[in-house]
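J.: What follows is the residue order along each chain.
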Amino acid sequence: MTEKPKNYSRRDFLKTTGIATGALIGGGLIGGLVGLNVDKDDQHVSDTGNTNHEMGTNGGFQFFQNQREFNVISNATERIFPKDDIGPGAIELGVPYFIDRQLAGQYGSNTKEYMQGPFAVGAKTQGYQSRLTRASIFRQGIAVLDEEANKRFKKGFSSIEAEQMDEILTAFQNDEIPMTGVTSAFFFRLIRTATLEGAYADPMYGGNRNMDGWKMKEFPGHQMSYINVIDKEKFQKIEPQPLGGM
Amino acid sequence: MATTLAKVDVVVVGLGWTGGIIAAECAKAGLKVIGLERGRKRGTEDFQQIHDEYRYAIRYELMQDVAKETITIRNNRKMPALPMRQMSSFLLGDGLGGSGTHWNGHTWRFYPYDFQIKTMTDEKYGPNKLSSDYLLQDWGVTYDELEPYFYKYDQTAGISGEDKNPFWGKRAQDFPTPPMKRTPILKKFEGATKSLGYSPFMLPSANLSEPYTNPDGEVINACQYCGFCERFGCEYGAKTSPEITVIPTATKTGNFETKFHANVVEVIKSGNKVSGVKYLDTESGEEFIQEAEVVVLASYVMNNAKLLMVSNIGEQYDPETGKGTLGKNYCYQILPGANGYFEEQMNTFMGAGALGMTIDDFNADNFDHSDLDFIHGGSISITQTGYRPIETNPIQQGTPTWGAEFKKNSIYNYTRSLSIGTQGASMPHKENYLSLDTKYKDVYGLPLLQMTYNFTDQDRALHKFITEKTVNIMKEMGAKTVEGKAPITDYDIVGYQTTHNTGGTIMGASPENSVVNPFLQHWDAENLFVIGAGNFPHNGGYNPTGTVAALAYRSAEGIIKYSKSGGSLV
Ligand SMILES: Cc1cc2nc3c(=O)[nH]c(=O)nc-3n(C[C@H](O)[C@H](O)[C@H](O)COP(=O)(O)OP(=O)(O)OC[C@H]3O[C@@H](n4cnc5c(N)ncnc54)[C@H](O)[C@@H]3O)c2cc1C
Ligand code: SF4
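Same order as they appear, the protein sequences are chains A and B. Numbering-wise (my numbering), the first sequence opens with residue 1 and increments by one. Numbering-wise (my numbering), the second sequence opens with residue 1 and increments by one.
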């Protein structure tokens, strides 16, 4: 696992280049900067954006097609799993990158799901019935998150206050936002689930950076055996191990 | 045109526990056996990188690819059935070992009461205890008749346990290996249930407490309590699975051949027999007909029923008229329980699939139901299977499901919460059944299996009654907050419940009310055997596989006898 950028930190980069607005920054580099979340027509920095941390190296995008999409997902996941005094939130854990990778692969194209028609809405007890793949649902959902933010607050989703993001996410969760071919509640469930997956999956998937998700939960990851400690009364604090070795 | 292959003695469809048991027993008896498995070959060496919750537990790496084949589902006959587009409520097996590779290993014997449920319920409570909508029936075999076969499976699998449950059927022999470790978490349950006057005992486990060599010479290693068991293969060969026991046993006889990527699409009926099966090689796209003296379906509840339906063998059950037996008595499992939130931290992330303690004081007919509006019950257990972080985010009712408070609570509770669960019995109802879908197809062009299923009043009453018992136990265990499971309403295909589907190809003493006889021989085709939990006329208060395996061992004996003398075994 490469955790620390070897070349330069993003803050050094900011200082030396003098970049102050997101407008100048191409998708290739901003990835690691999303925590700063500076909006071009609004100098507001949202509190999710204020996360003062060292991100890992910018990984580039496999699915997201522009910085705006990536920022929306970053902010949404950060609201679902925010940084607090226990430890990092979704952004610092690399969750947006995890989601990017997943959407570009089997998960995004639903290759292990039955996707033959005819499609019908169905009852809640019948589960997923959308004709859309997860990749299409995320793409549409991100656009709708942005539209809704503009409708309510005249700004893009990534530029509104944290409480305003929560208000919109709650409206999605309560199925109050129209979407095409899928419900907003379903989209919300997808993001929520993907956020937790990214926070806690093995770090080889691009999230759970530095195994910080596991450290917060005191889950030791990949351990060969607990046979000698499982009968101990005391709680066992064990250094976590990833599958790939460090 | 399909290529016809040379006739063999026995063709087995599916290589999970049931297919493996039949293959091993028949091959040992000298019969030439071919096993056809739609999935791939895999085994212990493929499980060395298995501690990956995302890949195996969330994305179901080892399980059925529902892009190719799934079922359709509706809660009642009036609803349009829609495909289960992703797996969730239950996880279907695929590949060598089937679900036996990624099961937990709770290994039970159903109660004497289960096998004679109709007779014993009527005797004790009169014939109208449940309304006539509940299609209770005896199984056509008794516990005593099955006892040697239960033990045969215990021996093959090396089951670890203790004969300390005062209620269960008599065991002629003790368990082959001692019980697993009584961990502090288990002891909390033990203490609480004892002080409430119940009789706790160690859950019989197929994660072995010590290394063991079975009567066929297969070695099963000692469980390391690694915490990645259910939904994972075992990297130590310590969880008894078909691919480390019955499959190598069959292979070393020299009488057993396996074909992978072989998806069976039809059982070929000819007169009052079957002549073989048709399968598709899913890699080459070629079709083959494998002729055989005996055809054994061991492709799990769903496909055993589906293959009979698409092959037109037997009469489809019709809930309107009550006629027909194929697809009848589909049952599931009812899961009452309670969550408890504690102050002290516990080693919740350590565990093994079948590490647990159980009480049976409220299982089967072990308690009086005279004043209750349901029959049967369930085994109440605490299990320590190893909480994994993606799936385990315990929060008290009323806590938001995302955001700051969610994060704080789910992290805090991760090492401070426990649950008590129940395998609750499920009684057959005339409106719950399997049939063929008329709209949706699999990639081979066959109709999907259709499931019409909802929970019943019996289920709801049982759930409520047992949930209250589990709440009391959890309180006694010292939890700060205790929450019983919410009452059940409609069956929902979303959210994992259990892969304990039963019925559809039920057994019985008469062709009037069953698909197969007590040797699992088809009533309408004497050389066709159908094996699995689909044979259960109802589901009991336990996980199914111990009972499935015993029925399979008895059936194997029947197949060997049939191969010599032919004719009906009853
Ligand atoms: C996560 C999980 C945990 C479980 N835990 C327990 C437990 O603790 N205790 C317990 O008693 N039970 C448990 N079970 C249930 C248990 O695994 C099953 O009861 C048992 O493995 C079923 O064996 P089987 O041979 O009937 O079917 P399977 O294991 O499903 O095998 C059927 C095989 O047939 C193949 N097949 C299907 N259709 C075709 C076709 N058309 N052509 C060719 N091949 C085909 C499949 O690929 C599969 O390999 C669990 C199940 C799951 C999923
Ligand atoms: S818990 Fe035990 S039996 Fe299960 S996978 Fe781990 S070592 Fe194997």
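Since the hints were made in silico from the structure, they are not lab data. Each hint should be verified, as a subset may be incorrect.
Examples of chain A residues lying across from chain B (beta carbon under 7 Å, computed) [to be verified]:
hint : residue
1    : P82
2    : K112
3    : V182
4    : Q236
5    : P240
Label pairs and their computed distance ranges (CB to CB) [stated by the list, open to error]:
hint : chain 1 : residue 1 : chain 2 : residue 2 : range
6    : A       : P178      : B       : T481      : 33 to 43 Å
7    : B       : E210      : A       : V229      : 39 to 49 Å
8    : B       : R40       : A       : K237      : 58 to 68 Å
9    : B       : S132      : A       : V229      : 49 to 59 Å
10   : A       : K237      : B       : K480      : 17 to 27 Å
11   : B       : M79       : A       : R189      : 18 to 28 Å
12   : B       : Q396      : A       : K124      : 42 to 52 Å
13   : A       : E161      : B       : R77       : 49 to 59 Å
14   : B       : A486      : A       : T193      : 12 to 22 Å
15   : B       : D490      : A       : P178      : 39 to 49 Å
16   : A       : E163      : B       : E210      : 29 to 39 Å
17   : A       : R189      : B       : D281      : 36 to 46 Å
18   : A       : E167      : B       : S132      : 48 to 58 Å
19   : A       : T193      : B       : T481      : 18 to 28 Å
Computed cross-link-like contacts, SDA-like style, restricted to lysine to any residue with a CA-CA straight-line distance of at most 20 Å [to be verified]:
hint : chain 1 : residue 1 : chain 2 : residue 2
20   : B       : K32       : B       : Y412
21   : A       : K232      : B       : G191
22   : B       : K269      : B       : A2
23   : B       : K129      : B       : K485
24   : B       : K129      : B       : K464
25   : A       : K112      : B       : G445
26   : A       : K232      : B       : N214
27   : A       : K112      : B       : V494
28   : A       : K234      : B       : R77
29   : A       : K124      : B       : Q345
30   : A       : K215      : B       : G43
31   : A       : K215      : B       : G403
32   : B       : K441      : A       : R189
33   : A       : K124      : B       : S565
34   : B       : K439      : A       : K234
35   : A       : K112      : B       : S88
36   : B       : K464      : B       : G445
37   : B       : K475      : B       : Q345
38   : B       : K273      : B       : I560
39   : A       : K215      : B       : K464
40   : A       : K124      : B       : K475
Cβ atoms here follow ideal geometry from the backbone N, Cα and C, with glycine treated the same way.
J.: Are the hints correct? Go through all of them and say.
T.: Each hint tested on the structure:
no.: 1; hint: P82; result: 5 Å, holds
no.: 2; hint: K112; result: 5 Å, holds
no.: 3; hint: V182; result: 12 Å, violated
no.: 4; hint: Q236; result: 6 Å, holds
no.: 5; hint: P240; result: 10 Å, violated
no.: 6; hint: A:P178 <-> B:T481: 33 to 43 Å; result: 39 Å, holds
no.: 7; hint: B:E210 <-> A:V229: 39 to 49 Å; result: 18 Å, violated
no.: 8; hint: B:R40 <-> A:K237: 58 to 68 Å; result: 40 Å, violated
no.: 9; hint: B:S132 <-> A:V229: 49 to 59 Å; result: 55 Å, holds
no.: 10; hint: A:K237 <-> B:K480: 17 to 27 Å; result: 22 Å, holds
no.: 11; hint: B:M79 <-> A:R189: 18 to 28 Å; result: 22 Å, holds
no.: 12; hint: B:Q396 <-> A:K124: 42 to 52 Å; result: 24 Å, violated
no.: 13; hint: A:E161 <-> B:R77: 49 to 59 Å; result: 51 Å, holds
no.: 14; hint: B:A486 <-> A:T193: 12 to 22 Å; result: 21 Å, holds
no.: 15; hint: B:D490 <-> A:P178: 39 to 49 Å; result: 26 Å, violated
no.: 16; hint: A:E163 <-> B:E210: 29 to 39 Å; result: 58 Å, violated
no.: 17; hint: A:R189 <-> B:D281: 36 to 46 Å; result: 39 Å, holds
no.: 18; hint: A:E167 <-> B:S132: 48 to 58 Å; result: 54 Å, holds
no.: 19; hint: A:T193 <-> B:T481: 18 to 28 Å; result: 25 Å, holds
no.: 20; hint: B:K32 <-> B:Y412; result: 58 Å, violated
no.: 21; hint: A:K232 <-> B:G191; result: 17 Å, holds
no.: 22; hint: B:K269 <-> B:A2; result: 16 Å, holds
no.: 23; hint: B:K129 <-> B:K485; result: 26 Å, violated
no.: 24; hint: B:K129 <-> B:K464; result: 18 Å, holds
no.: 25; hint: A:K112 <-> B:G445; result: 18 Å, holds
no.: 26; hint: A:K232 <-> B:N214; result: 31 Å, violated
no.: 27; hint: A:K112 <-> B:V494; result: 16 Å, holds
no.: 28; hint: A:K234 <-> B:R77; result: 54 Å, violated
no.: 29; hint: A:K124 <-> B:Q345; result: 37 Å, violated
no.: 30; hint: A:K215 <-> B:G43; result: 32 Å, violated
no.: 31; hint: A:K215 <-> B:G403; result: 19 Å, holds
no.: 32; hint: B:K441 <-> A:R189; result: 28 Å, violated
no.: 33; hint: A:K124 <-> B:S565; result: 53 Å, violated
no.: 34; hint: B:K439 <-> A:K234; result: 57 Å, violated
no.: 35; hint: A:K112 <-> B:S88; result: 13 Å, holds
no.: 36; hint: B:K464 <-> B:G445; result: 43 Å, violated
no.: 37; hint: B:K475 <-> B:Q345; result: 17 Å, holds
no.: 38; hint: B:K273 <-> B:I560; result: 17 Å, holds
no.: 39; hint: A:K215 <-> B:K464; result: 38 Å, violated
no.: 40; hint: A:K124 <-> B:K475; result: 34 Å, violated
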